[in-house]
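Engineer: If you want the building blocks of each chain, they are given just below.
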Amino acid sequence: MDPVIKVIICICMCMLFGVAAIHKLKAPAVFRAAMKDYQLIPSILLSIVSIVLIFLELLSVILVLVPSAQATGLLIMAALLLIYAGGISINLYRGRRDIDCGCNGPATTQALSWWLVARNLVFLGLVLLAVGPSIERALNWLDLFTIFFGVLVASGLYLGFNQLLAQAPRLAALRSAT
Amino acid sequence: MINTLIVSNIILWVLVLVLVAVVFALVRQIGVLYERVAPAGALMSGKGLKTGELAPVLDLQTVDGRALKIGGERSDNKSTLLFFLSPTCPVCKTLIPVLEAMRKSEADWLDIVLASDGDMDEHRAWLKKQQMESWPYVLSPQLGMTMQVAKLPFAALIDEKGILCARGLVNSREHIESLFEARAQGVASIQEFLKVQQHKHEQDVA
Chain A
1 MDPVIKVIIC
11 ICMCMLFGVA
21 AIHKLKAPAV
31 FRAAMKDYQL
41 IPSILLSIVS
51 IVLIFLELLS
61 VILVLVPSAQ
71 ATGLLIMAAL
81 LLIYAGGISI
91 NLYRGRRDID
101 CGCNGPATTQ
111 ALSWWLVARN
121 LVFLGLVLLA
131 VGPSIERALN
141 WLDLFTIFFG
151 VLVASGLYLG
161 FNQLLAQAPR
171 LAALRSAT
Chain B
179 MINTLIVSNI
189 ILWVLVLVLV
199 AVVFALVRQI
209 GVLYERVAPA
219 GALMSGKGLK
229 TGELAPVLDL
239 QTVDGRALKI
249 GGERSDNKST
259 LLFFLSPTCP
269 VCKTLIPVLE
279 AMRKSEADWL
289 DIVLASDGDM
299 DEHRAWLKKQ
309 QMESWPYVLS
319 PQLGMTMQVA
329 KLPFAALIDE
339 KGILCARGLV
349 NSREHIESLF
359 EARAQGVASI
369 QEFLKVQQHK
379 HEQDVA
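The listed protein sequences correspond, in order, to chains A and B.
Position one of the first sequence corresponds to residue 1 (the working numbering), numbered consecutively onward.
Position one of the second sequence corresponds to residue 179 (the working numbering), numbered consecutively onward.
Don't take each hint at face value.
[What the hints assert, rightly or not] Have a look at the derived ranges for each label pair, beta carbon to beta carbon:
| hint | chain 1 | residue 1 | chain 2 | residue 2 | range |
| --- | --- | --- | --- | --- | --- |
| 1 | B | Glu284 | A | Arg96 | 21 to 31 Å |
| 2 | B | Asn181 | A | Leu46 | 35 to 45 Å |
| 3 | B | Lys339 | A | Ile48 | 40 to 50 Å |
| 4 | A | Ile48 | B | Asn181 | 56 to 66 Å |
| 5 | B | Glu231 | A | Leu46 | 28 to 38 Å |
| 6 | A | Ile90 | B | Gly209 | 21 to 31 Å |
| 7 | A | Ala69 | B | Val194 | 30 to 40 Å |
| 8 | A | Gly125 | B | Lys329 | 35 to 45 Å |
| 9 | A | Ile5 | B | Ile274 | 35 to 45 Å |
| 10 | B | Leu232 | A | Ile51 | 32 to 42 Å |
| 11 | A | Arg96 | B | Arg302 | 52 to 62 Å |
| 12 | B | Asp299 | A | Ile51 | 44 to 54 Å |
If you're looking for bench data, these hints aren't it; they were derived computationally from the structure.
Keep in mind the model is a prediction, meaning the values are calculated, not measured.
The C-beta atom is built at its ideal place from N, Cα and C for all residues, glycine as well.
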């Protein structure tokens, strides 16, 4: 695979996990409450697990930025994405749609849906794609341009997707009202 | 030829970025529209929430930025008292000490949430002045419309299963307590309670 794609994926994933970890560090109580709502972990272990998850998120970001440890970082990210997708799936199976997914920090609440699982699986695919073998070639200025704009466009699309998901319950409420 | 491709590539990237920005702005605007349109749905006659019905689940945010869910089944078996107030309503202020006392004495089964709408900074300043920053306080026109708040101070009681037990204009401690009583008796209002009593009385006489 071309290094440009790999670099774009790495930067985007670092931003995603970096922002997620910062949200969790800023409001650890909110993160703990969200995890409690998932009803997967005994309450005694909540604070330990939350610290471990935040640590893994930060560690993966740092590792991906270090060229020699990149693959390890990406694999940690893949594992985290799988864990989150699994947690959401289990609660969707239990029918607990109304809990906050805890994805976006305290500012916005977002109900669980299969869209979130699909999103995580797409990210998982991208991460695994980046772990795979890539061609070695020097990056020229146009590649840097592509990387810069690619990252911006991907982030914008991600924000738009999230916003649509957060609004979905309101649309549903509006539909059922008429 | 290669120059042509480079130029077209650059222009395309810029245009795609602008397009994404436009899409994002549109999505945000749709979000704002939902906020404005939703209460109109609740305003339609005959569609209003009745006591004894499940209150709609609303995901709100308190003024200090915490997420707050109103309605729905509560895992901790607590009921919620929504108290609608306004900084400009003098009667509301007289009830705040009452609510403070209730918040302590009824803490084992009841959460009290203050609700209002309007400018966030104004309400924050007011809360600070009243030293009430510890209260869960939400600003949501949607919540007021859903509960059909007509006059202030207004209160609505939602039980642990998310059912709207009772609501009404509350001017005194007795009025708020009558909501609790309505929940205990399983009637929606004092008027309904009297009607039931009268009906019973008539049956006894017959």
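Engineer: Determine for every hint whether it applies to the structure shown.
Structural biologist: Structure-based check of each hint:
{"no.": "1", "hint": "B:Glu284 / A:Arg96: 21 to 31 Å", "result": "holds (28 Å)"}
{"no.": "2", "hint": "B:Asn181 / A:Leu46: 35 to 45 Å", "result": "violated (59 Å)"}
{"no.": "3", "hint": "B:Lys339 / A:Ile48: 40 to 50 Å", "result": "violated (33 Å)"}
{"no.": "4", "hint": "A:Ile48 / B:Asn181: 56 to 66 Å", "result": "holds (59 Å)"}
{"no.": "5", "hint": "B:Glu231 / A:Leu46: 28 to 38 Å", "result": "holds (35 Å)"}
{"no.": "6", "hint": "A:Ile90 / B:Gly209: 21 to 31 Å", "result": "holds (29 Å)"}
{"no.": "7", "hint": "A:Ala69 / B:Val194: 30 to 40 Å", "result": "holds (32 Å)"}
{"no.": "8", "hint": "A:Gly125 / B:Lys329: 35 to 45 Å", "result": "violated (56 Å)"}
{"no.": "9", "hint": "A:Ile5 / B:Ile274: 35 to 45 Å", "result": "violated (59 Å)"}
{"no.": "10", "hint": "B:Leu232 / A:Ile51: 32 to 42 Å", "result": "holds (38 Å)"}
{"no.": "11", "hint": "A:Arg96 / B:Arg302: 52 to 62 Å", "result": "violated (33 Å)"}
{"no.": "12", "hint": "B:Asp299 / A:Ile51: 44 to 54 Å", "result": "violated (35 Å)"}
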